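Participant: One letter stands for each residue in the lines below.
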Amino acid sequence: MEMPLPDPAVLAQKPRLVERLLQVLPPEAVIHDEMETRAYECDALTAYRCPPLVAVLPSSTAEVAAVLKICHDMGVPVVPRGSGTSLAGGALPTADSVILGVARMNDVLETDYENRVIRVQTGRTNLSVTGAVEEEDFFYAPDPSSQLACAIAGNIGMNSGGAHCLKYGVTTNNLMGVTMVLMDGTVVELGGAHLDPGGLDLLGVICGSEGQLGVVTEATLRILHKPEGARPVLMGFDSNEVAGECVSDIIRAGVLPVAIEFMDRPVIRATEAFAGAGYPDCEALLIVEVEGSEAEIAEQLGLILEIARRHNPVELRESTSAEESARIWLGRKSAFGAMGQINDYMCLDGTIPVSQLPYVLRRIGEMSQQYGLGVGNVFHAGDGNMHPLILFDANKPGDLELCEAFGADVLKLCVEVGGCLTGEHGVGIEKRDLMVDQFAPDDLDIQMAVKDVFDPQWLLNPAKVFPLAASLGRRAG
Amino acid sequence: MRPESEAELAEIVAGAKGPLVVRGGGTRAFGAPVMGEVVETAALSGVVLHEPGALTLVVKAGTPVAEVEAVLAAEGQRLPFEPMDHRALLGTRGAPTMGGMVAANVSGPRRVQVGACRDFLLGVRFVDGAGRVLKNGGRVMKNVTGYDLVKLMAGSHGTLGVLTELSFKVLAVPQAEVTLVGRGQDAATGVRVLSAALGSPYDVSGAAHLEAGVAEDASQTRVRLEGLAGSVAYRRDALLKGACAGFEVVEGMESAALWREVRDVTPFAAREGAVWRLSVKPSDAPGLTAAVRAQGIAAQAIYDWGGGLIWLLVDEVGDAGATILRQQVAVLGGHATLVRGSEALRRVVPVFQPEPAPVAALTRALRGKFDPRGILNPGLMG
Ligand SMILES: Cc1cc2nc3c(=O)[nH]c(=O)nc-3n(C[C@H](O)[C@H](O)[C@H](O)COP(=O)(O)OP(=O)(O)OC[C@H]3O[C@@H](n4cnc5c(N)ncnc54)[C@H](O)[C@@H]3O)c2cc1C
Numbered sequence: 001m002e003m004p005l006p007d008p009a010v011l012a013q014k015p016r017l018v019e020r021l022l023q024v025l026p027p028e029a030v031i032h033d034e035m036e037t038r039a040y041e042c043d044a045l046t047a048y049r050c051p052p053l054v055a056v057l058p059s060s061t062a063e064v065a066a067v068l069k070i071c072h073d074m075g076v077p078v079v080p081r082g083s084g085t086s087l088a089g090g091a092l093p094t095a096d097s098v099i100l101g102v103a104r105m106n107d108v109l110e111t112d113y114e115n116r117v118i119r120v121q122t123g124r125t126n127l128s129v130t131g132a133v134e135e136e137d138f139f140y141a142p143d144p145s146s147q148l149a150c151a152i153a154g155n156i157g158m159n160s161g162g163a164h165c166l167k168y169g170v171t172t173n174n175l176m177g178v179t180m181v182l183m184d185g186t187v188v189e190l191g192g193a194h195l196d197p198g199g200l201d202l203l204g205v206i207c208g209s210e211g212q213l214g215v216v217t218e219a220t221l222r223i224l225h226k227p228e229g230a231r232p233v234l235m236g237f238d239s240n241e242v243a244g245e246c247v248s249d250i251i252r253a254g255v256l257p258v259a260i261e262f263m264d265r266p267v268i269r270a271t272e273a274f275a276g277a278g279y280p281d282c283e284a285l286l287i288v289e290v291e292g293s294e295a296e297i298a299e300q301l302g303l304i305l306e307i308a309r310r311h312n313p314v315e316l317r318e319s320t321s322a323e324e325s326a327r328i329w330l331g332r333k334s335a336f337g338a339m340g341q342i343n344d345y346m347c348l349d350g351t352i353p354v355s356q357l358p359y360v361l362r363r364i365g366e367m368s369q370q371y372g373l374g375v376g377n378v379f380h381a382g383d384g385n386m387h388p389l390i391l392f393d394a395n396k397p398g399d400l401e402l403c404e405a406f407g408a409d410v411l412k413l414c415v416e417v418g419g420c421l422t423g424e425h426g427v428g429i430e431k432r433d434l435m436v437d438q439f440a441p442d443d444l445d446i447q448m449a450v451k452d453v454f455d456p457q458w459l460l461n462p463a464k465v466f467p468l469a470a471s472l473g474r475r476a477g
Numbered sequence: 001m002r003p004e005s006e007a008e009l010a011e012i013v014a015g016a017k018g019p020l021v022v023r024g025g026g027t028r029a030f031g032a033p034v035m036g037e038v039v040e041t042a043a044l045s046g047v048v049l050h051e052p053g054a055l056t057l058v059v060k061a062g063t064p065v066a067e068v069e070a071v072l073a074a075e076g077q078r079l080p081f082e083p084m085d086h087r088a089l090l091g092t093r094g095a096p097t098m099g100g101m102v103a104a105n106v107s108g109p110r111r112v113q114v115g116a117c118r119d120f121l122l123g124v125r126f127v128d129g130a131g132r133v134l135k136n137g138g139r140v141m142k143n144v145t146g147y148d149l150v151k152l153m154a155g156s157h158g159t160l161g162v163l164t165e166l167s168f169k170v171l172a173v174p175q176a177e178v179t180l181v182g183r184g185q186d187a188a189t190g191v192r193v194l195s196a197a198l199g200s201p202y203d204v205s206g207a208a209h210l211e212a213g214v215a216e217d218a219s220q221t222r223v224r225l226e227g228l229a230g231s232v233a234y235r236r237d238a239l240l241k242g243a244c245a246g247f248e249v250v251e252g253m254e255s256a257a258l259w260r261e262v263r264d265v266t267p268f269a270a271r272e273g274a275v276w277r278l279s280v281k282p283s284d285a286p287g288l289t290a291a292v293r294a295q296g297i298a299a300q301a302i303y304d305w306g307g308g309l310i311w312l313l314v315d316e317v318g319d320a321g322a323t324i325l326r327q328q329v330a331v332l333g334g335h336a337t338l339v340r341g342s343e344a345l346r347r348v349v350p351v352f353q354p355e356p357a358p359v360a361a362l363t364r365a366l367r368g369k370f371d372p373r374g375i376l377n378p379g380l381m382g
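Protein chains in written order, with full-length UniProt numbering: chain A, 1 to 477; chain B, 1 to 382.
Since the hints were made in silico from the structure, they are not lab data.
Predicted, not measured: the structure shown is a model, and the values here were computed from it.
It is possible that part of the hints are untrue.
Said to hold, decoys possible - Coverage of chain B stretches by chain A, computed from C-beta distances (three or more under 8 Å per stretch; other residues unrestricted):
#: 1; stretch: 11 to 23
#: 2; stretch: 113 to 123
#: 3; stretch: 251 to 258
Said to hold, decoys possible - Lysine-lysine pairs mimicking BS3-like chemistry, simulated, CA-CA at most 25 Å apart:
#: 4; chain 1: A; residue 1: K226; chain 2: A; residue 2: K167
#: 5; chain 1: B; residue 1: K135; chain 2: A; residue 2: K412
#: 6; chain 1: A; residue 1: K226; chain 2: B; residue 2: K135
Where a beta carbon is used, it is the ideal one built from N, C-alpha and C, also for glycine.
Build the full structure now, drawing on both the sequences and the hints.
Facilitator: Structure (structure tokens):
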């Protein structure tokens, strides 16, 4: 992946930059030793690494504003960072950049059950937002698998989703307001404890803007009362087509499961070998989960099982206890780990129209043969967000490149059938150069014009989202 | 002008010599008055794609909302955000279009449960102020590819571009619905009850309080449940034992009628006065109404979204409460939009809530990018 050359003028300013940062931050919040900046050299896309010039860990909105003002004055690029779990290289530094980490900003500022909102500093981890309201049986709905580690900051940056988004929506549907600092240090408040904006929906643009429009320091989030219970059912099918049809029939029947997860044979076999959840050896497996009281669960599952039976499943397993529920989820939850046992893998994230599922799975299988790399599919079937896991050997020269080429072909296929490059992980550097496959030049131009408004010098999170060639004129000017 | 295609529309915009007034059905014209040549989207009409099994709908922007609702209903589906019909309240005629609905980000009572129009909008095509045909988003339910301009277009009232094609996520119509109605509560009590119901695990899909004299002599507190029949019955009983003790049970068509009334604000349709639409933190709502009355301005309120949305009918005396409402809202958080008011009032009172300086600056700069010549509904949003 090509990155812009570091600006020698910026590199040369390092001593002056550190000195100025130390005027607004305590010494332990300014990391400039070359060994220590290494800790920030990558996110979860570990194939790409580059230590930043400096990393700072401010502890308030005012400190963030002071840092940004200095960097703006000196023309230094800034890369906002939450917990660094991005799978797209969204928080990858450049050698001439300052990493601005919000990890120390993790306070709960206000909990308001009556109005069903919580206000937090954005360095707080996703799971600990729910942790803060659990004693009252409330929760924060978006639940990325990385929720133990990832921060609300990064969730907003990427507009992250989770297993339960079929019912509850993704981050943007649960985000009500932010405090954000622009690159020049201006603090802006958008939204709040009320619904929908009075003017243009700037909050909607900020969510998913990958740290390129401003640094989000505080967030107002919608919280909900927990459902009384939840229960999964497992279904095995002889073909992907039939499993796909079953998914369609369920979602149009008027029952709204909270999750419909799909696994194909390679993943089923891998998880069986790894976790032994007792899955049937079949072509396609669905886990459908519903929520509610005992009676409500029974009513919904009755309908779902009736639909499933019409599709002649090879296996239909209804959980009757907490242990059985855990076993049904066990394989799914260890799927990534299981594939990782076999080899290194790259996790893709394209979305397709649900109706294209069988075709796309078949094509991915064919490509797997062509490239000679194994692939397993595990994904959120209700919304068409695929996660093909391509296996490769990081120690074998050329394998990563081969895997990336395979991945690019799969993502182009997603676009071709009416879908998109990324459903929840974001573009980052990983899919930057594929943007031209999804967007016409004018479509990219209007997005970049939005960046021009918020960050005229293009200092925030450089080299992400837009192909370098497309943004060249703007970055120079 | 009534372009027959997206390409023709693009030509019209590119060649425009002066301001354009963008019009769908012309039923929601509540912004500041705009002068200019009218461009109608009515001929850009039709359902492009409806995949019931994928909950996906793609339509051209000029398609009447009613036509779309009929197409969906035939498959047992609907627009989940329950868009309001503004005609009764504003005394307008014509057929509301999908484009107009999106341009005003119109949502109804179910917004509090499932989200707003903007939350179900998956993709847009539009012509910007320079006459370029642009697209953003797509037709799939999860999409974080590039910046989300779909949300930005929703609620932009035709000031950033003329919408031409829209894709939505739709949902199935549930088997059953029921409304629990309590009478005689004051607004503060009513909103507290609604908060308790919305804060329960019972998945409330409508929560409104109509002050005394609005729907009938007594005030009404309404809580709606929807879903599978058994589930609705279970949750109904649970609420009747808790937050909604003593409430009357209204089912089926009668229940639906109660929510059409809230959605379309019909009680204010035939009454004189200006109508404000306020979005606030629910627990702030009763105090806001009281503050207006404390100024000696007669007012009546319908609280939807558990109190978070106030429809306020006020006498058109002075500035119809604008100063006090906007001051309070600026402090408490939220916004106040003047949805109905005489020409004279709208000349002196901005229709949309004035924004704090840094936000206003960003908004202005964005408009400059989407509409460099300032020809699309100029001044409509202030
Ligand atoms: C094992 C694993 C499982 C995962 N599962 C899921 C999943 O189920 N669903 C899903 O959606 N994602 C998933 N992810 C991806 C990742 O966890 C999410 O993208 C997450 O939201 C990133 O959060 P973070 O705090 O780690 O952000 P980072 O990686 O630090 O940053 C992510 C992006 O946000 C920007 N950013 C960070 N902080 C700010 C700020 N304060 N203001 C503005 N922008 C900022 C960054 O510049 C970057 O572009 C998974 C990752 C891993 C490793």
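Participant: Hint by hint, note whether the structure agrees.
Facilitator: Do the hints match the structure? See the list:
1. 11 to 23: violated (count 0)
2. 113 to 123: Satisfied; 4 residues make the cut.
3. 251 to 258: Result for this restraint: violated, n = 0.
4. A/K226 x A/K167: Since the Cα atoms of A/K226 and A/K167 sit roughly 13 Å apart, the hinted pair holds (cutoff 25 Å).
5. B/K135 x A/K412: It holds: about 18 Å lies between the C-alpha atoms, which stays within 25 Å.
6. A/K226 x B/K135: Roughly 38 Å between the alpha carbons, so the hint for A/K226 and B/K135 is violated.
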